[in-house]
Amino acid sequence: FGLFLGLVLPNPNMLLAQEIGAEELTARFDRIEQSLAGLMQEQQQNQSATNNVAQIEEVVAKYLEEEKEQKAASRPTVTVFGRMHLEGLFFPEDSPGVDYFENPLTGDDVEDRIQFRRIRLGAQGKISPTGIYRVELDFGNPETPTFRDTYLGFEELPVLQTLLIGNQKRPLGLDAWNSNTNIIFMERPLPITAFNPNFRRIGIQSYGHTESENVNWQFGMFESSDVKSVGRYLGDDLQLCYVGRVASTPWYDQTSGGRGYFHVGVANMYSSADGDANSISAHQNQARFQTRPELRTSSQWLDTGTLSGATGYDTLGLETVLNIGTWQFTGEYLDTWVNRQADSNLFFDGGYVQAACFLTGEHEPWDRKTGRLSRVKPFEPFFLVNDWRGGVASGLGAWQIAARYSYLSLSDKDIHGGREQNVAVALNWYWTAHSKVLLDVVHGRISDHYPVGGYTGGHFTGLGVRFMMDF
Amino acid sequence: FGLFLGLVLPNPNMLLAQEIGAEELTARFDRIEQSLAGLMQEQQQNQSATNNVAQIEEVVAKYLEEEKEQKAASRPTVTVFGRMHLEGLFFPEDSPGVDYFENPLTGDDVEDRIQFRRIRLGAQGKISPTGIYRVELDFGNPETPTFRDTYLGFEELPVLQTLLIGNQKRPLGLDAWNSNTNIIFMERPLPITAFNPNFRRIGIQSYGHTESENVNWQFGMFESSDVKSVGRYLGDDLQLCYVGRVASTPWYDQTSGGRGYFHVGVANMYSSADGDANSISAHQNQARFQTRPELRTSSQWLDTGTLSGATGYDTLGLETVLNIGTWQFTGEYLDTWVNRQADSNLFFDGGYVQAACFLTGEHEPWDRKTGRLSRVKPFEPFFLVNDWRGGVASGLGAWQIAARYSYLSLSDKDIHGGREQNVAVALNWYWTAHSKVLLDVVHGRISDHYPVGGYTGGHFTGLGVRFMMDF
Amino acid sequence: FGLFLGLVLPNPNMLLAQEIGAEELTARFDRIEQSLAGLMQEQQQNQSATNNVAQIEEVVAKYLEEEKEQKAASRPTVTVFGRMHLEGLFFPEDSPGVDYFENPLTGDDVEDRIQFRRIRLGAQGKISPTGIYRVELDFGNPETPTFRDTYLGFEELPVLQTLLIGNQKRPLGLDAWNSNTNIIFMERPLPITAFNPNFRRIGIQSYGHTESENVNWQFGMFESSDVKSVGRYLGDDLQLCYVGRVASTPWYDQTSGGRGYFHVGVANMYSSADGDANSISAHQNQARFQTRPELRTSSQWLDTGTLSGATGYDTLGLETVLNIGTWQFTGEYLDTWVNRQADSNLFFDGGYVQAACFLTGEHEPWDRKTGRLSRVKPFEPFFLVNDWRGGVASGLGAWQIAARYSYLSLSDKDIHGGREQNVAVALNWYWTAHSKVLLDVVHGRISDHYPVGGYTGGHFTGLGVRFMMDF
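Chains as they are written, first to last, in the working numbering: chain A, 1 to 471; chain G, 1 to 471; chain V, 1 to 471.
Hints were generated in silico from the structure; no laboratory data involved. A portion of the hints provided could be inaccurate.
Chain copies aren't distinguished; within one or between two, either way the pair holds.
What the hints assert, rightly or not - List of simulated lysine to aspartate or glutamate pairs, DMTMM-like, C-alpha gap at most 20 Å:
hint: 1; residue 1: K68; residue 2: D343
hint: 2; residue 1: K413; residue 2: E156
hint: 3; residue 1: K413; residue 2: D108
hint: 4; residue 1: K126; residue 2: E380
hint: 5; residue 1: K377; residue 2: D367
hint: 6; residue 1: K62; residue 2: D109
hint: 7; residue 1: K377; residue 2: E69
hint: 8; residue 1: K68; residue 2: E143
hint: 9; residue 1: K68; residue 2: E57
hint: 10; residue 1: K62; residue 2: D303
hint: 11; residue 1: K369; residue 2: E67
hint: 12; residue 1: K377; residue 2: E42
hint: 13; residue 1: K126; residue 2: E66
hint: 14; residue 1: K126; residue 2: E69
hint: 15; residue 1: K62; residue 2: D94
hint: 16; residue 1: K62; residue 2: D236
hint: 17; residue 1: K62; residue 2: D412
hint: 18; residue 1: K413; residue 2: D112
hint: 19; residue 1: K68; residue 2: E42
hint: 20; residue 1: K68; residue 2: E211
hint: 21; residue 1: K377; residue 2: D108
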């Protein structure tokens with residue numbers, strides 16, 4: 001270009017000026033052409049990306065369309081969930097008295113067993129922004145299915161917060177309130193199963209907590225009869241029970257993500273009973289306390305029988321948990337006063353203390369909204385695979401040890417349901433947050449029992465191993 | 001630039017010309033530079049958007065990959081569905097005769113009850129573009145599950161349109177044909193439950209409608225025995241029944257979205273019966289008519305017993321519905337002729353009239369493809385939440401009142417199954433399109449019944465409240 | 001521009017030079033302007049696409065958020081699956097002996113039946129990258145649900161590969177190992193159902209295959225008792241069985257997609273038995289062999305009864321399959337030695353040969369990882385729809401014919417469980433890969449049976465039609 005200008009403009013003075021102009025002109029042209037070239041190159045690069053946008057738009061439009069259809073149908077959401085617990089139980093040692101408690105007619109020894117303790121399937125979801133439901137069935141004994149949580153209700157209500165109608169847990173006893181997915185031993189301790197048998201009843205209950213989550217409560221009214229296998233209660237007189245529980249975590253270490261906390265709770269249940277000694281009618285007297293021995297047996301080894309004349313009973317529960325990192329210490333106490341009208345009142349009680357420790361550093365997380373154990377998440381899940389170098393790669397899972405002492409007295413005055421003291425130790429291997437293996441050893445001693453086969457007491461040692469998963 | 005040209009070209013005439021040229025040149029350069037700057041700025045802005053396209057492409061590619069895999073697997077689609085109906089029933093007034101109809105041995109009064117009327121879980125979907133299936137189980141009495149809709153079939157067939165094989169409803173009686181999710185009272189009226197008991201049978205049925213949807217029909221052939229709890233019918237002689245129904249909405253107000261319509265329908269069922277008086281064999285004589293009293297009781301209060309010698313019966317059903325905005329008027333009539341060969345024929349009949357009205361302005365929508373009630377959608381769902389100002393925000397739901405008069409005669413000649421007249425009123429509160437509360441009061445009078453405990457008639461008043469949800 | 005330059009520059013020589021320069025200048029300006037115009041146009045076009053990116057980003061961000069939440073929850077995956085088999089069975093010909101085998105007390109003839117052979121619902125998924133589970137329930141007889149596959153376990157383990165704990169199939173007999181979704185006849189042949197009754201037991205099993213998939217194996221240990229309806233085994237003495245199977249496809253035609261292959265397999269099971277003649281105790285002696293006649297009947301027609309004194313038995317199974325395009329030839333042989341201690345040992349055996357051919361050109365695909373039949377995919381699914389021209393469009397589905405000869409001897413020495421020979425033919429119509437119709441005719445002859453109603457043998461002809469679907 002400079003050359004061309006040189007030819008065009010001969011005057012030297014002009015030439016200088018022109019050359020300056022030419023240089024500027026050249027520079028501007030160069031800049032423009034560079035910019036253009038750059039732009040066109042970018043344009044070309046972007047073109048391939050932008051070309052895909054049309055295709056992407058189709059996909060996204062379809063996705064949005066599906067979402068819109070779902071909303072238009074406004075069907076409730078559905079999440080399918082379930083769990084499976086498979087266990088082996090072995091009784092290497094059982095005294096004759098215990099054999100009669102298990103097999104009252106024959107006195108045969110306590111049989112070992114392999115069983116599905118639970119096979120559950122259910123569905124839950126939201127009906128509306130604040131409406132929820134849950135339906136849950138258990139097929140552990142598949143020929144006799146039973147239901148568990150089966151309710152509908154509302155969340156975010158003023159004052160009542162969450163209000164559920166249907167079959168749901170009575171919040172009496174912390175280890176009853178804990179999910180069986182999260183409990184540390186295979187079975188709940190004696191006083192829990194004796195004073196809040198099978199936990200769930202048909203009723204209505206409010207679930208609340210403060211905004212800071214340091215206090216939570218549950219209040220409910222239920223029909224006392226357990227109808228999980230028949231689905232209906234018949235009777236002109238309801239045997240209503242009223243349950244309330246308040247719990248708090250006065251200490252909760254937010255900074256460590258809840259590795260340290262202190263929980264206290266108190267619960268009370270008043271239940272009316274129809275006073276009938278006869279238990280064959282459709283509306284069976286609910287004043288009866290019984291329990292299995294912290295391992296699943298065929299019979300309830302401790303059993304007061306139906307308490308003739310009992311018109312009501314009141315159960316108090318005290319709970320406390322201290323968690324310090326990998327360690328957890330738990331204690332509960334429950335007692336029950338039974339009003340027998342004509343006869344003198346009865347007093348039954350029980351309690352337990354429990355310590356657990358993670359060997360691999362995890363901790364037992366706490367659900368502050370409902371005041372109970374939450375799900376343990378192993379630092380590293382268990383796995384064992386061939387790695388690419390021909391070796392084996394592995395993950396350890398989480399390992400926990402625990403010990404528990406529990407006692408229960410169902411004997412008072414003329415009633416001899418029995419007294420039992422159990423010591424149990426556990427080794428728990430968490431494969432993942434949703435699968436684990438529990439190993440329990442339970443040794444127990446029973447006394448002050450109505451004579452069965454001539455025996456009023458006995459002792460046993462049982463061993464259990466359980467494979468668990470939930471989804 | 002103008003300056004530069006001024007230096008270059010001294011001749012004034014030329015200068016003018018050159019300046020014009022220079023101005024034009026300048027203008028062009030300016031325009032080019034502006035355009036470039038604009039373009040580069042836009043380019044830069046778009047760059048950030050375009051940069052994301054690569055990332056978006058990944059997500060979309062993954063989404064498409066998943067979709068492709070699903071298609072490649074060509075698994076049938078699966079939608080999990082279910083429902084839960086929890087109710088309380090109370091009988092504040094029941095005469096001795098009614099007590100004996102409920103408890104023939106003891107004459108105990110009719111018990112109140114709390115029960116899960118239905119707990120259902122199922123799965124449905126498409127096997128192929130025109131192939132469908134549905135499997136549905138009921139766990140309302142969980143220890144004795146039963147199945148409901150359990151079929152497979154094809155849609156879009158020539159002539160037959162939809163053809164289903166398996167357990168499905170017989171289209172006899174509009175309120176039988178209505179889903180229990182959509183019926184206005186808690187239980188169907190007497191003649192429906194008496195002449196089409198439990199609705200579903202194993203069989204094959206065609207479902208069709210005209211393109212304009214103003215006429216629809218169903219034709220099917222079924223085994224008469226209800227096998228919902230055992231899953232099998234044994235017997236060398238099938239007791240087949242043939243059912244056909246044609247329905248039409250001669251008036252349907254499209255412009256208001258179906259707030260006004262007039263429905264008429266006629267259905268007929270001929271069923272063979274094995275004539276055997278003895279009902280203990282595997283193939284039980286199906287000629288027997290019975291019903292509960294429009295609330296769920298333990299016994300069937302009206303009951304012809306097995307009709308010895310009956311070799312067949314024919315049931316006719318007439319249906320009509322008039323819907324005008326919030327108001328709906330319904331009437332049905334059903335009668336049955338029983339052929340007893342040696343003995344003279346029997347004639348039983350029944351019917352009902354019903355009126356319902358939404359207080360909140362909604363209407364009962366109509367499904368014109370199948371000729372039955374569709375799902376009510378409240379204008380505003382029920383909710384109650386704290387609002388951001390510290391007050392309470394609420395939604396009303398939909399409110400409906402209804403009244404029904406029904407009668408049934410199962411007494412003719414030597415047969416005294418009983419006659420019953422019921423009056424029922426209802427108050428329905430729709431929380432959402434998928435959850436609601438029904439409140440029913442039923443008063444009934446029974447006469448001309450075989451003597452039970454010496455009584456041939458009686459009267460009762462029952463009260464029911466039901467919480468319902470489906471997903 | 002040329003014109004303008006002409007005015008500005010009068011010198012002819014310069015003019016020429018200038019015009020050349022001007023032309024070049026013009027050309028450059030033109031190019032630049034064209035490029036700019038093009039760029040701006042493209043920019044504008046892209047703008048509309050790019051404008052959507054923001055909107056797309058929102059959707060994608062939401063999608064990613066959902067995915068992230070799912071991962072954070074790290075819930076196990078859940079796939080709901082199931083199947084439904086509905087069948088009619090007819091026995092046009094049955095001799096008096098067979099009638100007594102079916103109805104030992106009355107000798108009534110074999111009843112026809114309509115039944116749901118299977119209604120299954122289940123859930124399966126992954127707990128972790130290598131952890132899996134499956135829960136499956138059968139409601140074919142809905143009042144007595146049973147479980148099928150119900151296990152948890154790990155994949156990709158070193159040596160053991162897949163290891164499952166829970167209720168799962170014992171790999172004894174190819175047609176037992178085949179899914180009932182894929183078997184060619186309605187029911188398995190006599191020796192399969194006699195020597196591996198109901199297939200599944202609670203136990204632990206390893207599933208492996210070579211990387212090339214030409215060899216696969218299964219090894220497991222199980223409790224012998226079938227607890228599918230009660231969910232538990234009680235007994236101090238386990239009756240354990242040990243099963244192993246190795247299978248290979250020495251010939252497998254990869255190039256045709258597996259239309260040609262040759263399979264051989266050998267399996268062995270040793271099972272202990274408690275030797276007790278008495279079968280009423282909780283731990284029933286598992287040494288008993290029985291079977292139905294290749295169609296579902298009420299009774300087991302061949303039956304050794306509980307073999308008193310039997311303390312163990314060993315069953316061997318040999319399998320072979322040759323597939324050449326549409327043709328498949330199958331043969332199996334199984335025998336069992338029973339150790340009776342005091343009494344002499346017993347020997348039972350059986351086998352079958354089977355040929356099947358697709359008339360429509362498909363083939364029976366093979367699963368080389370587990371050594372069994374895979375799912376047939378029709379070339380064209382069955383459908384029948386009105387096309388747009390007013391005619392009917394249709395798809396044929398896949399059609400297959402098959403024949404089978406089987407025999408079984410459960411009679412040896414003092415035991416007369418019976419001998420049976422069956423000939424069966426089948427016509428199978430595959431609607432889709434997930435739905436089909438089976439038509440079977442079975443003719444059988446029984447001899448050497450314990451006398452029942454005075455009969456030691458008999459013959460029968462049965463006809464079955466089954467509608468099947470799975471999802």
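Hints, verified against the model:
In this assembly of identical chains, the alpha carbons of K68 and D343 never lie at most 20 Å apart, being 67 Å within a copy and 63 Å across copies at closest. Neither within a single protomer nor between protomers do K413 and E156 lie at most 20 Å apart by alpha-carbon distance, with minima of 48 Å and 61 Å respectively. In this assembly of identical chains, K413 and D108 lie within 20 Å of each other by CA distance neither inside one copy nor across copies; the values are 30 Å within and 36 Å between. For a Cα distance limit of 20 Å, the shortest separation of K126 from E380 across copies, 17 Å, qualifies, whereas the shortest one inside one copy, 33 Å, does not.
In the homo-oligomer, the alpha carbons of K377 and D367 lie at most 20 Å apart inside one protomer (14 Å), although the nearest pairing across protomers, at 37 Å, exceeds that limit. With identical chains, the CA atoms of K62 and D109 are never at most 20 Å apart, being 65 Å at best within one copy and 60 Å at best between copies. In the homo-oligomer, the alpha carbons of K377 and E69 lie at most 20 Å apart only across protomers (16 Å), although the nearest pairing inside one protomer, at 37 Å, exceeds that limit. Proximity of K68 and E143 under a CA criterion of 20 Å is satisfied in neither setting, with 42 Å inside one chain copy and 40 Å between copies.
Proximity of K68 and E57 under a CA criterion of 20 Å is satisfied in both settings, with 16 Å inside one chain copy and 18 Å between copies. Proximity of K62 and D303 under a CA criterion of 20 Å is satisfied in neither setting, with 63 Å inside one chain copy and 56 Å between copies. Taking CA atoms no more than 20 Å apart as the test, K369 paired with E67 passes in neither setting, with 31 Å inside one copy and 25 Å between copies. In the homo-oligomer, the alpha carbons of K377 and E42 never lie at most 20 Å apart, since the shortest distance is 48 Å inside one protomer and 49 Å across protomers.
With identical chains, the CA atoms of K126 and E66 are at most 20 Å apart both within one copy (19 Å) and between copies (17 Å). Within a single copy, K126 and E69 get their C-alpha atoms as close as 17 Å, and across copies as close as 17 Å, so both meet the 20 Å cut-off. Taking identical chains as interchangeable, the C-alpha atoms of K62 and D94 are never at most 20 Å apart, the minima being 66 Å within one chain and 60 Å between chains. With identical chains, the CA atoms of K62 and D236 are never at most 20 Å apart, being 57 Å at best within one copy and 54 Å at best between copies.
Taking the shortest alpha-carbon separations for K62 and D412, neither the intra-copy value of 71 Å nor the inter-copy value of 63 Å comes in at or below 20 Å. When the C-alpha separation of K413 and D112 is checked against a cutoff of 20 Å, the pair qualifies neither within a copy, at 35 Å, nor between copies, at 36 Å. For the homomeric pair K68 and E42, neither the shortest alpha-carbon distance inside one copy (37 Å) nor that between copies (33 Å) is at most 20 Å. Taking CA atoms no more than 20 Å apart as the test, K68 paired with E211 passes in neither setting, with 34 Å inside one copy and 26 Å between copies.
Taking identical chains as interchangeable, the C-alpha atoms of K377 and D108 are never at most 20 Å apart, the minima being 43 Å within one chain and 56 Å between chains.
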